[in-house]
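Engineer: Guided by the hints, dock chain L onto chain R, whose structure is given.
For the record, the sequence lines run as chains R and L.
When the count follows the working numbering, it moves up by one through the first sequence with no breaks and lands on 156 for the last residue.
When the count follows the working numbering, it moves up by one through the second sequence with no breaks and lands on 156 for the last residue.
Wrong hints could be hidden among the right ones.
[Said to hold, decoys possible] Simulated crosslink set (DSS-like; lysine-lysine; CA at most 30 angstroms straight-line):
#1 R:K105 with R:K150
#2 R:K95 with L:K128
#3 L:K95 with R:K128
#4 L:K150 with R:K12
#5 R:K128 with L:K150
#6 L:K105 with L:K150
#7 L:K150 with L:K128
#8 R:K128 with R:K150
#9 R:K150 with L:K12
#10 R:K95 with R:K105
#11 L:K12 with R:K12
#12 L:K12 with R:K105
#13 L:K105 with L:K95
The set of hints was computed from the structure by calculation and includes no laboratory data.
These numbers come from a predicted model, not from an experiment.
Number of protein chains: 2
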Amino acid sequence: MSVIDELLANAERYAATFDKGTLPLPPAKRVAVLACMDARLNPYGLLGLREGDAHVIRNAGGVVTADERRSLAISQRLLGTREIMLIHHTDCGMLTFTDDDFKRQIHSETGIKPDWSAEAFADLEEDVRQSIARIKADPFIPHTDIVRGFIYDVATGKLNEVPV
Amino acid sequence: MSVIDELLANAERYAATFDKGTLPLPPAKRVAVLACMDARLNPYGLLGLREGDAHVIRNAGGVVTADERRSLAISQRLLGTREIMLIHHTDCGMLTFTDDDFKRQIHSETGIKPDWSAEAFADLEEDVRQSIARIKADPFIPHTDIVRGFIYDVATGKLNEVPV
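This is chain R alone, in the form it adopts within the complex (with noise of 0.2 angstroms):
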């Protein structure tokens, strides 16, 4: 049995106490979390988040990307959010490697130049300014006033906020 197998007896029992059939497809909090993908981050335990909350966007290092910038312009100009939450966290994987290297080592396995960036970083608190700075600078975004970035501690379970 697949690890997947045992995830969709989960999700019978899910379906089985189901009681949300009705909600609205504008989320809720009229927020979008922008988080890292990291296994100990759980943005619904953390933030106390609710089905019909949010829309929760989450890569590898909670990084932005195209692909945010995409997805956070369909939630703002489509769905109606406004505020924009970022959380990294501590003991990050995106920080113990670096772009070079992770794509010199696929080039050598694969005989292939990744045609991305690892987008791999050095400093935790300067990448959540990076991120931020990416969404502020973004022409399709249309709500950039209230973007707030954060480091979550998995140690601790706390939530720190990133000065900016």
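Structural biologist: Relative to the frame of chain R, chain L by itself:
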């Protein structure tokens, strides 16, 4: 008080009872979930995921672009995941517009034409299969033997597998 302040109050409660401080960086279940950012889709509740279990990658539509291929490559190559689970859902915002219309609207409002594809789609099952195909065709994601796609029904809470 902004919505983010409200979520921060929840985060303080989370930290006050936090007992997960020793989880390892690699996901315990060795699976990466790629899902739509939709507010009604809660992967933790649905799949029974707990802190430490899985990478969760999300964007508008749950589509596969360069940034998701980057995240999946990092997830498998650096953090040991082996299975990939894709989740689209019914009543998705991506079914309500076309790339051309959305980009034309942004172009007329901002004077600039977006440099990304909005990745809108007209058929859920077809887009899930498209996402699987993009992953299997990627030269940098090493483990693509277990890539399964699902559609979450926001009205019933059920998760249905897309036949390949």
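Engineer: Taking the earlier hints as the rules, which of them does this structure contradict?
Structural biologist: Of the numbered hints, 1, 5, 6 and 12 do not hold.
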